[in-house]
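Undergrad: Now for the letters of each chain:
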Amino acid sequence: MSVRVQAEDFDISVEIARLTQGRSDVGAIVTFTGTVRGSGGGQAIDAITLEHYPGMTEAELERIEARAHQRWPLQASSIIHRIGRLAPGENIVLVVTVSAHRQAAFEAAEFLMDYLKTEAPFWKKEDIAGGSAHWVDARAADNAARDRWTGKAKGEPG
Amino acid sequence: MDRAVKLKYFAWVREKVGRAEEDVTLPASIATVADLIIWQRSRGPEYADAFAAGQRVVRAAIDQTHVKPEASVMSAREIAFFPPVTGG
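These protein sequence lines are chains A and B, in that order.
If you count the first sequence from 1, position 80 lands on 1106 in the working numbering, and the numbers rise without skipping.
If you count the second sequence from 1, position 10 lands on 981 in the working numbering, and the numbers rise without skipping.
Chain A extracted, bound-state conformation:
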């Protein structure tokens, strides 16, 4: 399990290798990459700025990751989230899940993203082309996506 919050970009190949090197029990690797969209609310965006709560962010991501490992048979996982000013097209977040079988890896990756989006203390500000800036509002759809995990998962053992 690993959690990182950083300004720098990440390299998916390097991160996969970090989790799988020297293992022969891996059958499935799922990665999710979130990137900066060039528009928000119909307006073109120059950049977004990501603020976070140092200390709590890492603690919260570790709690979310531990929950995924309790729920699915994962051999390894990684969550990397960038902070600071990011231009459209740049990477924001990477989730990697590693398991013997695909269903656990797919489901755990979705679970990690759904909880990250609703519980990890990050906030996005959008710089609108032309000068103004505004804080992005939380979406009810993100809470609904998280809440579907309160039942039992298909890929869970037993």
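A few of these clues could be false.
Below are the DSBU-like pairs computed for lysine-lysine, each with C-alpha atoms no more than 35 Å apart in a straight line [unchecked claim]: (1) A/K1151 - B/K1039; (2) B/K987 - B/K1039; (3) A/K1151 - B/K987.
Don't read these hints as lab results, they were simulated from the structure.
Here the structure of chain A is known, so what remains is to put chain B in place on it, guided by the hints.
TA: Relative to chain A, chain B alone:
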């Protein structure tokens, strides 16, 4: 007994309050996060604006764990206020 705590603010709560953090002494009457929010509103126009009732909801964390308004602040060392999160 009065208690010393560190308050932290993030995103638009930080911008409205005009600072990222501060050390304060909580009056003995403040037992919960909801009590603290009511007290914050009395501390000046910038606080009244950031913590305005019926405005966009301010969330809280005590010692870096999410809490609900009814949570006790009696043993808190660090209390943070922020908007609903929007990472990912």
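Undergrad: I'd like to know which numbered hints this structure contradicts. Please list them from smallest to largest.
TA: none
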